[in-house]
Structures are given as C-alpha cells and as structure tokens.
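Colleague: So the chains spell out like this:
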Amino acid sequence: MASAAATGKTFQFKLVLLGESAVGKSSLVLRFVKGQFYEHQESTIGAAFLTQTINLDDMVIKFEIWDTAGQERFHSLAPMYYRGAQAAIVVYDITNKESFNRAKVWIEELQKQASPNIVIALAGNKNDLDTSRTTTYEEGSAFAEENNLLFLETSAKTANNVNEIFMVIAKKLPKVNPTTAGPQRAQGNVDLNPQQNTQSSKGCC
Amino acid sequence: MSDTVKMCRVIMELIETERQYVQDLNCLIEWYLEPLKNEKIDGIEEIEQLFGNIQEIVHFQKMFTQSLEAAIDKEINQHTDPDKENINFKKILLALGSAFLYYAHHFKLYSSFCASHSKAQKILLAGNDDDDADDFLKSHNPMQQHSVALESYLIKPIQRILKYPLLLRQLKDLTDVNSDEHDHLKEALHGMEAVAEHINEMQKIYEEHGVVLDELAKQYKDSNPNERGLDLNVGELQMYGTVNWLNASSELGKMKRGMELLTLLFIFRTGVVLMAQEKVKGKRKMKSNQNRLAPFLSDVTNGSGMGGTRYKTAIPVDQLQVRLMVGDAHECHGIWEMIHCGSRDEEDGRAGRPEKVYQFASSQEARRDFIKTIHSSIRESVQQQ
Numbered sequence: 001m002a003s004a005a006a007t008g009k010t011f012q013f014k015l016v017l018l019g020e021s022a023v024g025k026s027s028l029v030l031r032f033v034k035g036q037f038y039e040h041q042e043s044t045i046g047a048a049f050l051t052q053t054i055n056l057d058d059m060v061i062k063f064e065i066w067d068t069a070g071q072e073r074f075h076s077l078a079p080m081y082y083r084g085a086q087a088a089i090v091v092y093d094i095t096n097k098e099s100f101n102r103a104k105v106w107i108e109e110l111q112k113q114a115s116p117n118i119v120i121a122l123a124g125n126k127n128d129l130d131t132s133r134t135t136t137y138e139e140g141s142a143f144a145e146e147n148n149l150l151f152l153e154t155s156a157k158t159a160n161n162v163n164e165i166f167m168v169i170a171k172k173l174p175k176v177n178p179t180t181a182g183p184q185r186a187q188g189n190v191d192l193n194p195q196q197n198t199q200s201s202k203g204c205c
Numbered sequence: 001m002s003d004t005v006k007m008c009r010v011i012m013e014l015i016e017t018e019r020q021y022v023q024d025l026n027c028l029i030e031w032y033l034e035p036l037k038n039e040k041i042d043g044i045e046e047i048e049q050l051f052g053n054i055q056e057i058v059h060f061q062k063m064f065t066q067s068l069e070a071a072i073d074k075e076i077n078q079h080t081d082p083d084k085e086n087i088n089f090k091k092i093l094l095a096l097g098s099a100f101l102y103y104a105h106h107f108k109l110y111s112s113f114c115a116s117h118s119k120a121q122k123i124l125l126a127g128n129d130d131d132d133a134d135d136f137l138k139s140h141n142p143m144q145q146h147s148v149a150l151e152s153y154l155i156k157p158i159q160r161i162l163k164y165p166l167l168l169r170q171l172k173d174l175t176d177v178n179s180d181e182h183d184h185l186k187e188a189l190h191g192m193e194a195v196a197e198h199i200n201e202m203q204k205i206y207e208e209h210g211v212v213l214d215e216l217a218k219q220y221k222d223s224n225p226n227e228r229g230l231d232l233n234v235g236e237l238q239m240y241g242t243v244n245w246l247n248a249s250s251e252l253g254k255m256k257r258g259m260e261l262l263t264l265l266f267i268f269r270t271g272v273v274l275m276a277q278e279k280v281k282g283k284r285k286m287k288s289n290q291n292r293l294a295p296f297l298s299d300v301t302n303g304s305g306m307g308g309t310r311y312k313t314a315i316p317v318d319q320l321q322v323r324l325m326v327g328d329a330h331e332c333h334g335i336w337e338m339i340h341c342g343s344r345d346e347e348d349g350r351a352g353r354p355e356k357v358y359q360f361a362s363s364q365e366a367r368r369d370f371i372k373t374i375h376s377s378i379r380e381s382v383q384q385q
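In order, the protein sequences belong to chains H and E.
According to the UniProt record's numbering, the stretch in the first sequence is residues 1 to 205, in order.
According to the UniProt record's numbering, the stretch in the second sequence is residues 1 to 385, in order.
In short, the hints are calculated from the structure, not lab data.
Worth double-checking, as some hints may not be accurate.
To be verified - Some chain E residues judged to face chain H by a derived CB distance under 10 angstroms, without partners named:
#1 114
#2 117
#3 161
#4 162
#5 190
Unchecked claim - Chain E residues, not near chain H, derived (Cβ > 12 angstroms throughout):
#6 38
#7 118
#8 151
#9 155
#10 157
#11 183
#12 199
#13 201
#14 206
#15 207
#16 223
#17 228
#18 259
#19 316
#20 335
#21 368
What the hints assert, rightly or not - Incomplete in silico selection of chain H near chain E, CB under 10 angstroms:
#22 14
#23 76
#24 83
#25 95
#26 96
#27 143
Glycine included, each C-beta is placed from N, C-alpha and C at the ideal position.
Let the hints inform the model, and build the full structure from the sequences given.
Modeller: Following this line, the structure appears as structure tokens:
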C-alpha cells in the first residue's frame, strides 16, 4: 500500500450508501473499512462518514463513504446526501423482497437527480442466507443489466464480495484530477462540482 | 456479549458521538461561517440565515449534551467494574429518555436549518461562475478532502437528528418490555421519530413552495424596510392546508375554462401566506380539505396539470383578522373570512391600503383549526409588542 501511495496518484471519491433500513449498509461499510462484523449489535458507526483507501494498478483510490443511517424513511432529506456523490451503492437484502423494490426506486431517483456521471452499484446483501432468499441472483442481475449498473451479491457477515464491490466501482470511476498534496488551485474540483469536472476532463485528455 | 455490556456501549456511543457532534458544529462555525462573514460573495445574506440557525443549534445542542452527561455521569463514569453488573441502568435510561422527551420540541429548529441548508448549498456549491465562493472554499480546504469540506459539515446535523431514533431504538430493545424504562424509551423514540417526520415534511414544503415564500418575504422586506420583517421560514410554520377560496374571482377574474384553483394557506408565527395555483379541472381529486402538517400536500401539488401561481400574498399578523360566519348556512359549509385590514389614515393624508376580505370554505374541523392557529399567532404577536 505504502509503495503505491508513494508513486501513484491519489484519486478521491464521494460514495453514498442508500437502501432500506436493516439491509446492511452500515455493516458493509464497517466490513470494508475495518474488517469487522457484529452479528447482533446493529453496527452504529457514529461518524458521518468513514474513509478507506484501495490500490488500483498504480493509483490510490480514496473513498469517502457517506452512510445514510436511518434516513430512508425521511425521503426529502436524501438529496442532501447524494448531491455531488461520484458513486453510490444501493443495497438490498436478498431475503427481503420489499428492500429490492425499494432499491429500484432509489436507483430511479439517483438516475434522475444525482450527478449525471454517477457510478451506481447494486448490492444484494446477506447472500450467506441463501436458504431464505426471496430475490434470485438472476432478478438482481437482470435489473442491473437493464439499468447499466454494477452488480454483486455480497455478505458483510462472511465478507464475500465486499472488497470486490468497492473495487469494481473504483475501476469504473473516471480518473481525472488527482488529489495532490498542498493547496490546489486547479479547476475541476472533484468534490463539489461535477459539471466543472467534466469540462476539465475534456481539456486534459 | 451480555446485554448490560451492549447497553453500556450504546450509551457511550450516544454520549461520545454527541460530544463529537458539538465539536464538529464548532469547527463549522470557526472554520467556515465566521470567515465567510468577511467575504464578498453574492447571496451572502442568505448564508447569514444558515449561520444564525447553526448558532441556535449549537447553543441548544450544548444544553442537550449536558443533560445527557448529567444522566450518566455518576453512574457510568465511576464504575470500574468490567461486567457493568452494578450499574443502575434503570436510573440512567429514565434520565436519558427524559432528556429526549423534554427537548423533543426544540429539535424542530432543525427544519429551519434544512431549508437554509438548501439555499446555502445553491449559493456556495452550484455557483460555478462565482470565483469568490470557489476560492474561499478551496482556501479553506486546500487538500480538497471531503471530510473537511463545508458540504460534509453541513450534512452533520441531518445525520445526527436521524441517528437519535436509531440509538433510542437500540436502547429500548435492550430493556425488559415490562419495565418503566422500556415505556419511557419508547415514548422518547416516538418523540424523536415525530421530529424527523416533521423536519422531512418541512423540507418537502420548502422544496415545493420555498421559492414563492422567499419571494414574498423579500417583497415585504423591501417595501417595509423599517419593520420587523416577515419570517416565512418553514421552521416558523404553524399549520398549512388547502381552502376553497370563495371570492377568488374578485381578485383573479373568471377562471379559464377547464381550469380550477388550488388555494393553499400557510400560517406562520408572524404572518399568513395565501397562494393560489391554477390546475386542470378534475386532474386530481383532493383527499382531504386540510391537514395539520401532514404529508398529503405534495401528492396534490406534484400532480401534472398544474399551472403557475395565479395569486400570492403575505399578510403580517398585525394586519390580520379572522371572522367566523354564523348562521346555519354558513355553519354547514364551514365558511369563514380572513381580513387583511386596511391601513388607517396616515398623517400626510394619503389614502391607505383598502381592506381586503378573503372568504373561504373549509371542513368544520379545518375551519376550527385554521382559526385557532391564526388566533394564537395574533395573540403571540400582541404579547410581544
């Protein structure tokens, strides 16, 4: 990790997690960031967001992950979270059909309202509970294909596909405007301004 | 992990994240909002409102934190017992629950914050061509990290307010269903969920009607520069709903064929807003005639077939009267009147504003609630003078 960080460029992305309550959003984040899983205690994170870095070829990808803990019922507040996000993971629980339907609604909303270039991944979580599944792999995968989404079934409990889903997102994200150390005056700040960002990407490529 | 250890964890998480949250709010003020005051950025006045809200929130949150700390102080902090067996959880949980119940109403000040948040974000973040705003934000976040960006500080209050129900639910689930503390926490949970619903609802109203409300407030301020102003922030909203505006034609003339009028009445602490929109007839059936801050409004106004706003006016409470129409016919149609009083003859003898009477029909219940709410706003303003 250290060697890549020393040589490679660092890219930073805002990623939000959306989905029905109790599908495992926080658990996925916790698994990815800390490698932990709590079977019984609902994993409360406390912080507004966590960060995790991964290496991709000679680049360093830094995710700032915004967990939307508990806000799904309070729909009007959601746009404040996903505004300016470059990536989103929409999570559902494979043993809860309703959560899959809810995920579809989130995706529709993101495609309409979020930044136009947002990379969206659909995660069918809890795939360790295969025996009580109510949404088949094919259903999830077909929906993802129709809507041009990344798709994986995951398990925060067994860690199955957790790192992988962040990895496929990292691969798909457009790599423009690396974060450099020190004050940055360049146009096209990734954080705040997606439109500007696209403009600058035209210029530099 | 035993339930008591879990309980301890959740309680500590509540307290620790609360302290962190207050710290973050202070950072936001010191690092962004204070310096912003000295910047010349277009629309900075709008941001001042946000600033005011945050200060209110910090002030309140400090108080709230103290009451949480007081609840656990003697019990948890002095215990070195690793199994936490001897801690009097009952006492702590009752005190925590009380803190939430006591302050639940205060948390509604977050709804003003949400509306200001939306405004500020438009000004600061969407202003592509505003180099000043851009330079300011960059100089305060040279590494361009999300975690210290203004945006991420601004989301914290939303995140926090929605976190309370989760934490309370965990605590509640760890208690015996037949215990007092269980009941207490359940009440607290309901209270905080209602707060979240309310904030969500206010945000929805702001998204739909904020532009018109802001416009009216500005108009009033411009034409009455010396007065206190009309606070039409959603945080000040007491009640809203639809009414049937009986004498609309005297203001608007005849409706176009196939169109009808949707009239909304918003009762704020300092004034009332009447907003009439044109819509295609029969496009959507009204479910109910009125509602006290309930979520039906968006269903109605989101519908297609909405024309523009045909009429809008804001009346400060000190120029307002309401009249209940008596008599059987009036009674059964729920007719009532709202009067925008004419201004008295001024010293220079200029003719003042003429009196204007708005006649409405509502359901019995709605009429009663509207009149009651308007009266209480009027009373409040008289008391303040």
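Colleague: All the hints need checking, so say for each whether the structure fits it.
Modeller: Verification of the hints:
no.	hint	result
1	114	7 angstroms, holds
2	117	7 angstroms, holds
3	161	9 angstroms, holds
4	162	4 angstroms, holds
5	190	14 angstroms, violated
6	38	20 angstroms, holds
7	118	8 angstroms, violated
8	151	6 angstroms, violated
9	155	6 angstroms, violated
10	157	10 angstroms, violated
11	183	21 angstroms, holds
12	199	7 angstroms, violated
13	201	8 angstroms, violated
14	206	8 angstroms, violated
15	207	7 angstroms, violated
16	223	32 angstroms, holds
17	228	30 angstroms, holds
18	259	28 angstroms, holds
19	316	28 angstroms, holds
20	335	34 angstroms, holds
21	368	29 angstroms, holds
22	14	5 angstroms, holds
23	76	4 angstroms, holds
24	83	7 angstroms, holds
25	95	20 angstroms, violated
26	96	18 angstroms, violated
27	143	26 angstroms, violated
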